[in-house]
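S.K.: Each chain, written out:
Protein chains: 4
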Amino acid sequence: MSEFSETTVRVRYKETDQMGVVYYGNYFTYFEIGRVEYLRGRGMTYKEMELQDDSYIVVAESRCRHLRPARYDDILRIRTRVSRARRRTLEFAYEIVNDTTGELLATGATVHVVCNKAGRPRALPDKYWKLFASPTDADEDAGEAAHSKEHSRRHSRKPS
Amino acid sequence: MSEFSETTVRVRYKETDQMGVVYYGNYFTYFEIGRVEYLRGRGMTYKEMELQDDSYIVVAESRCRHLRPARYDDILRIRTRVSRARRRTLEFAYEIVNDTTGELLATGATVHVVCNKAGRPRALPDKYWKLFASPTDADEDAGEAAHSKEHSRRHSRKPS
Amino acid sequence: MSEFSETTVRVRYKETDQMGVVYYGNYFTYFEIGRVEYLRGRGMTYKEMELQDDSYIVVAESRCRHLRPARYDDILRIRTRVSRARRRTLEFAYEIVNDTTGELLATGATVHVVCNKAGRPRALPDKYWKLFASPTDADEDAGEAAHSKEHSRRHSRKPS
Amino acid sequence: MSEFSETTVRVRYKETDQMGVVYYGNYFTYFEIGRVEYLRGRGMTYKEMELQDDSYIVVAESRCRHLRPARYDDILRIRTRVSRARRRTLEFAYEIVNDTTGELLATGATVHVVCNKAGRPRALPDKYWKLFASPTDADEDAGEAAHSKEHSRRHSRKPS
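Chains as they are written, first to last, in this note's numbering: chain P, 1 to 160; chain H, 1001 to 1160; chain Y, 2001 to 2160; chain L, 3001 to 3160.
Since the hints were derived computationally from the structure, they do not count as laboratory data. Check before you lean on any hint, since a few could be wrong.
Derived pair list, reagent style DSSO-like, types lysine-lysine, alpha-carbon separation capped at 30 Å [as the list claims (entries may be wrong)]:
no., chain 1, residue 1, chain 2, residue 2
1, P, Lys117, H, Lys1014
2, P, Lys47, P, Lys127
3, H, Lys1014, Y, Lys2117
4, H, Lys1047, L, Lys3117
Turn these sequences into a full structure, and let the hints guide you.
M.R.: Written out as structure tokens, the structure is:
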């Protein structure tokens, strides 16, 4: 469970709808910004992940709870963390906060599969994996890969 | 549990991203189209619900499972049904199917609160409620209110 | 100067802004739909132009006059024609009409350069060119290619 | 003719299309950001213009020349100035520059009519007008109002 990374955006007129609030589908764009900036904060440029390392973070699930409306010209604080990191799947959790009032406007999550350009699932390259993997995350990942390895690792695990 | 209403859309270039597929947030626009056409199929024009009846169907939750990519120029069949209807909350369920191949591309759901223009929750006007409420839905609705009140309501209800 | 091709779209909630009308930038999405359907009406699938024939119709200029607002749930008639066709550049002209009232809402134009996937200008393949080229258009194109042909055309031109 | 105001945005994944570049219609969103930040830089909050002063800056014309593609994750510098200010109409001119390379990617312009909430043209309130009007602009505006003033200005105009 990583810490939140934070970035802010200002609501664009384009993002509002005739209800006078941000259109619900646009929160998923804010989530995109949140995870890209999360990655950047950890030393990963998503653009390069695609171009240089053939690693696409494809969205498999997305969800949002819309608690209070965001409005035109509001500054939104997007708080993003990785809630689960495995070699082939990543989960991000988000909070959208009105940066002026501190009110929580929305929470959400996305689940991703790492794919190559052709859309085939693949493992995240080591250089990125190292940046994601906290000791706990690495443990979680083990379950996916090799049981024997998992077994030996388990016994050397420090209490958390 | 209502039946699926169906409508189709063709994927716009605007809706793709540089991965060569529909951007994940745009599925929520397809869901919007699905529920508006669902309502129209039942004799409700969402535009009039807002303008004439001060009833706004505000999104409280939204989620999507992205199973297979939709691509530029694909014709998508949007299948929409009401999965739960109460006086103050509505839930819609969606399926997005590639209309040519029949493949299921995405499933999703949205939860809505009926509000007035000021954003205050309100009950859905009778004229709409009658169109939503199948016998089963009406029963489900009973659970929300007070039992005694519900009881009296049931017995005074005119046959629809 | 080709004839207008026509297609209709219904305004989505997503496309409105808090002014209660369609956001001005979204007219360019309607123009996109207009020209794609124009092409389809002439036997060209833009998707295949990209995939099979490495011909991308890149936008070099775009403009719109916004005469009257389009509103949520309006059915818009998009009228599209090719105002100029040459081997390497295409120009489209558009009209957006409220399909119910007949009011003209917007007019616009886009200028395009034919490019390959790498973004290099190229000539439109013959198979497409034939579909664009009315006798007049073909003549116009001649000006780009061969002067002598242009010369003879001038003298055989019928008064317009 | 005012000076350029500048602001930057980072290209979102959402804004790209399958050509791997920013979708042409999205430049008009960048223009929106440019003019809102222009106004803010002059002490005007567009949100308040609408809410407190019933002044909506409605788009009447929009155009863009797309010179070079903007790409995902690029930082774009949006340069905005007022090219003409009158009491009832405003014109903005824009340049979009790749902030890293300095390349000019797009130029454009929008023409606006000041309207009230009902969509009726109105004069810009004094408090805003004062912020727009440089001596030259004020002179230009005079042309709309009084011919004699216009006449004298013409004769005192320096050669350009």
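S.K.: Is the hinted pair P/Lys117 and H/Lys1014 satisfied, with a Cα-Cα distance of at most 30 Å?
M.R.: Judged against 30 Å, a Cα distance of about 20 Å means the pair holds.
S.K.: Holds or violated: P/Lys47 and P/Lys127, Cα atoms, limit 30 Å.
M.R.: holds (15 Å)
S.K.: Does the alpha-carbon distance linking H/Lys1014 and Y/Lys2117 stay inside the 30 Å limit?
M.R.: holds (18 Å)
S.K.: Is H/Lys1047 within 30 Å of L/Lys3117, Cα to Cα?
M.R.: With a Cα-Cα distance of about 19 Å, the restraint between H/Lys1047 and L/Lys3117 holds, given a limit of 30 Å.
The structure fails none of the hints (numbered hints given earlier).
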